[in-house]
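Visitor: Chain by chain, the residues run as shown.
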Amino acid sequence: MTPPPGSLLAAENLRKSYGPTVALDGAEFSIHPGEVVAVMGPSGSGKSTLLHCLAGIVPPDSGSITYAGRELAGMSDAERSALRRSEFGFVFQFGQLVPELTCVENVALPLRLNGRPRKEAERAALAWMERLEVDDLRGKRPGEVSGGQGQRVAVARALVTEPRVVFADEPTGALDSLNGERVMELLTDAARSANAAVVLVTHEARVAAYSDREIVVRDGRSRDMERAV
Amino acid sequence: MNVRQWSRDLGLGIRFAFTGGREGWVRMVLTAVGVGLGVALLLLTTALPNILTARHRVEDARQDYSAAYTVAKADDTVLVGVTDTSWHDKDIRGRLLEPEGAKAPLPPGVGRFPAKGEMVVSPALKRLLDSDGAKLLRERIPYRIVGSIADSGLIGSHELAYYAGGEGLVPHAGGTRVDRLKAFGNPDPTPEKTDPVLIMMTLVVFVVLLMPVAVFIAAAVRFGGERRDRRLAALRLVGSDSRMTRRIAAGEALAGALLGLAVGTVFFLIGRQVAGSAEVMGESFFPSYLDPSPALAALVAVAVPASAVLVTLLAMRGVVVEPLGVVRTAKQARRRLWWRLLLPLAGLGMLYPMTGQGRGGGDFNEYLVVGGVLLLLVGVTALLPWLVEAVVGRLGGGSVSWQLAVRRLQLSSGTAARMVNGIAVAVAGAIALQMLFAGVESQYTKETGKDPGRAQMEINLSDHAPLDTARTELARTTGVRTSVTLSTGQVGGTRRDPESTLGFTVGDCASLREIAHLPSCHDGDVFAVDTPGYDPGYMATIRPFMRPGSRLWIDPTEGEVHGREIRWTLPATVRAVPARKDSLQSDPTGLLVTPSALPAGAASTLHGSVFLRLDASVPDAEEYVRTTAARVDPLSFPWTWAATEQSNRYTSLRTGLFIGAVCVLALIGASLLVSQLEQLRERRKLLSSLLAFGTRRRTLGLSVLWQTAVPIALGLLLASTVGLTLGAVLLKMTDTAVSVDWMSVVALTGAGAAVVLVVTLLSLPPLVRLMRPEGLRTE
Amino acid sequence: MSIGHTLLGLLESGPRHGYDLKRAFDEKFGHDRPLHYGQVYSTMSRLLKHGLVEVDGIEAGGGPERKRYAITDAGVTDVERWLATPEKPEEYLQSTLYTKVVLALLTHRDASDILDTQRAEHLRSMRILTDRKRKGDLADQLICDHALFHLEADLRWLELTAARLDKLREAVAR
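Residue numbers (the working numbering), protein chains in the order written: chain A, 1 to 229; chain B, 1 to 779; chain C, 1 to 174.
Warning: the hint list may mix true and false statements.
[What the hints assert, rightly or not] Partner residues aside, some chain B positions facing chain A, computed with beta carbon under 10 Å:
#	residue
1	Leu10
2	Gly398
3	Val400
4	Gln403
5	Ala405
6	Leu411
7	Ser412
8	Arg683
9	Ser688
10	Thr699
11	Arg772
No lab work stands behind these hints: they were computed from the structure. As the structure is a computational prediction, the values presented were derived from the model and not from experiment. Think of the CB as a built atom: it goes at the ideal place given N, C-alpha and C, for glycine as much as any other residue.
Please put together the full structure from these sequences, using the hints given.
Guide: So, in structure tokens, the structure goes:
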């Protein structure tokens, strides 16, 4: 199967094992620019591993991943890191903000990793924090803000580099429904308006409902529900 | 607070320490090893005085020179000839023994006198002689080995020494090469307490070495604190109150300290054996020397657990353990400067009254010295947290790695300061001591007046040695380029007890030109060398001896020392010549004499010396020379020219300090590494998410480096300041000109910096391992 | 829920008498509401008319309950189609979904496919609701949320069922 035309990020026949545990066993994936795709499935099905492979964090044992026409498998670790710095954004469930840095410094971090000067980076960071309605937290440290606020800061950080793909791994997993929905609204709105694709790993249907379509991962195999129907 | 409650809670803590599962064990082992290393070092330090006294005892017991000028030959006397030599950089103690009767005394550690051609040797020398490549040494010490010297006659397991049988030794009254003894040993043994400066320095060395160890132990009982806090929170949840948790925490620390005590004793015993069989910088000793004095050992056994409990209780003051987690009292009061400054100032105040007392001035108050040094060094540990907080609070800007490090330091500057306190104290103390050494060394270091550029070796021949044979043999020796032979004697104006005597030097024209500028020279000439700057009174008494035609006596009798009393009239011309600035003889005043100008028989009164210039490209040239010298004249004294020489005592003290400082720095490096790793482990999840959004490993590695380097740089800065101040005060106390030994400042701060680098390098592989996507998986 | 499809599905494992069909239905799906005979007859005659079943034989003694029915190829296809068609996401779907899953297991079809298909259908509805919610006023939001929570409950049940398919397979085979 070749990647669907026009797809930004596509994976074919991914296999990945951690020791004796098979995490991915021939998974497929594709996403278009500006699309929000939910990756669903029971825990332990390989959702997160799929995300890690797609984002170039973990190299798969076999299979191919193409991003904007480039094969990720052929890239060095440094190249993949550079790609993640400039083209991708990340939101995790928790524990991703550097506790010592203030919120605005946390948001500015990816820009600074890309070599942007501090002032400029923090100005851009503040603009994104405004969009996510957390600009009043700029001087606070992550330990001093609530979970929902922290996740919004994390979303701002994921979007600040204006990435083409945002990877979100259970971004609302630690939040109540109201906060979770707010984070999802802000994330998908911001991503859509920036024409960024979102890979959203979740096991919650109401979170997945913010996506354009979903794929289901079960026992390391993926199922694209749109193409199956 | 009743005792039962205390013991119950402490006991509970101890139980927790041992039953904390795998993690608990890891923590226990870390603490025990950390405390153990500290305890071993403490025990070693308590044993150090013993080493000095034990060595001193042996040295006293085998001393073989007598202050008395003449001892009559009897059947209870022995003649001892000194035949010390060197093999590469190792000194060999050599003696020739010739008993003069049945009741002749034996030196300690020797069972019977070796006959001529035989010797008894120390085990280390036997090993050396048996080894390959010691052929030259075997030629130099050609005697047959008939036994070994027992430990009681040696100052260390690696000492190289031998006693050989001698024959026909002639005691030279007043000389040190051959002595006639009635008994070995110092007739009035001195206790070590000789020089107040030395005592002060020894005290300071101990304080300087022990302070960082104390700081280290304090840090070691806090290993794994974060996990412990979580456990304590769980205890609060099931209903223990905050005082109980504190006592339980103290109990855990106590368990670690007690185990550490046991581990430390084992370390010490192992170290004692190793140290007994090892040789460090040319010094060795026996394990039995390393017995700690019981009182000090008992003190260590009590003080270490007690301080572990105390440190924990103190550290827990700033921590509120709540049932659902640990709250560090959020806004710590800004650190105040004034009382921190008070400590070092008080230290200076204690030392100041003793400035200028010097060596002649006599006693220093030991308590004031120790107290003052202690306060100054404790002042470092008090000032450093303030300094780190103040400086780090003002830092900003810079790269991402810098920002990560600075922000972390700002949040926990206390932890950072604690980590480097030990290094700062060690470096401050060591800088002060090095400065003191360097300053005082000039008092103990003699300018030899020798210029190694003019000649590399000088062989002083014993009296009556065949000078011509020695000269030709030495000149033929491998590695010798040229040789100069000069002999010296004494003349006086009268046959017996002359008012003053004058030295004269005999040599051929070429040799004499090494001493003075001679316009022309023929055998039979006599010259007078006049050195300006001599005491005019002395010059006035000897000037008549240098006039042409003077009537002189060679080797006059002085007191009980009988001379040959040979009559000598100077020739009609005695030309005055200027001395060379770089004369081979350092003190060329007097007469220069060509051989045939001397009367018959005079040659036997002269002391001969052969000066050698060596071919630097020939390896072991010195060893060849020593071997030849020993062959032609066993009692000859070959020595290598150096511009200066030091008192031995200082060398060993300095060596001790270096060894100690290295041990302490290694120890502190280990604790830094442990806490660094612990901190990294706690941040595994964060590290993985940083990796996810493309953070370079280099960035994180650098931030780890900055995080260690910034506090250490501040610590070293403070340490240098305090160290230089302390050094200056100590120098003032010994009444020595204050000068900074920049080399040692650089070397020691460099060593501190090296520790940072090594710690960072060692924590990089675990960092890379932790920065793996696996950390993102929720467990 | 479609009784016709259910009975057809029961016939897939082999021809049965009308009486057997009722018994099997009651046992597996009837729970507190057993089928009337009349319902079985009328349903079977409708299926006969559409050619989805055929009469396999009649036992002596007469009476409609004595007819033995067998499924035709067209009947199998019809069951297939029914199983593959997701139910319109509505409240209280579980009885139909349960029936579908059990039938799939009984007929050795992949039951997790049914679940995935249904989930996709649910999500489609949820997306529409979510979209309406985002654009609507507070009243819209509250109404949509009510529907969303119910759909989510269905989906959760589906997930749970999917996770327990193995156990269910054992129970059904018994």
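Visitor: Does each hint fit the structure? Answer for all of them.
Guide: Cross-check of the supplied hints:
1. Using the Cβ-Cβ criterion of 10 Å, the hint placing B:Leu10 at the interface with chain A is not satisfied: the shortest such distance is roughly 33 Å.
2. Hint status for B:Gly398 relative to chain A: holds, with the closest Cβ pair at about 8 Å, below 10 Å.
3. The interface hint given for B:Val400 holds, since its Cβ lies 5 Å from the closest Cβ of chain A, which is under the 10 Å cut-off.
4. A distance limit of 10 Å between C-beta atoms decides the matter here; for B:Gln403 the minimum to chain A is near 7 Å, and the interface restraint holds.
5. The closest approach between the C-beta of B:Ala405 and any C-beta of chain A is roughly 9 Å, which is under the 10 Å cut-off, so the hint is satisfied.
6. Proximity of B:Leu411 to chain A holds as hinted, the smallest CB-CB distance being about 5 Å (cut-off 10 Å).
7. Of the supplied interface hints, the one on B:Ser412 holds, with its beta-carbon coming within about 8 Å of a beta-carbon of chain A, less than 10 Å.
8. Restraint check, B:Arg683 versus chain A: the minimum CB separation of about 9 Å is within 10 Å; hint holds.
9. Against a cut-off of 10 Å between C-beta atoms, the interface hint on B:Ser688 holds, since the closest Cβ of chain A lies about 9 Å away.
10. Residue-level restraint check for B:Thr699 holds (minimum Cβ-Cβ distance to chain A is 7 Å; threshold 10 Å).
11. Here the hint on B:Arg772 is kept, as its CB sits about 9 Å from the closest CB of chain A, short of 10 Å.
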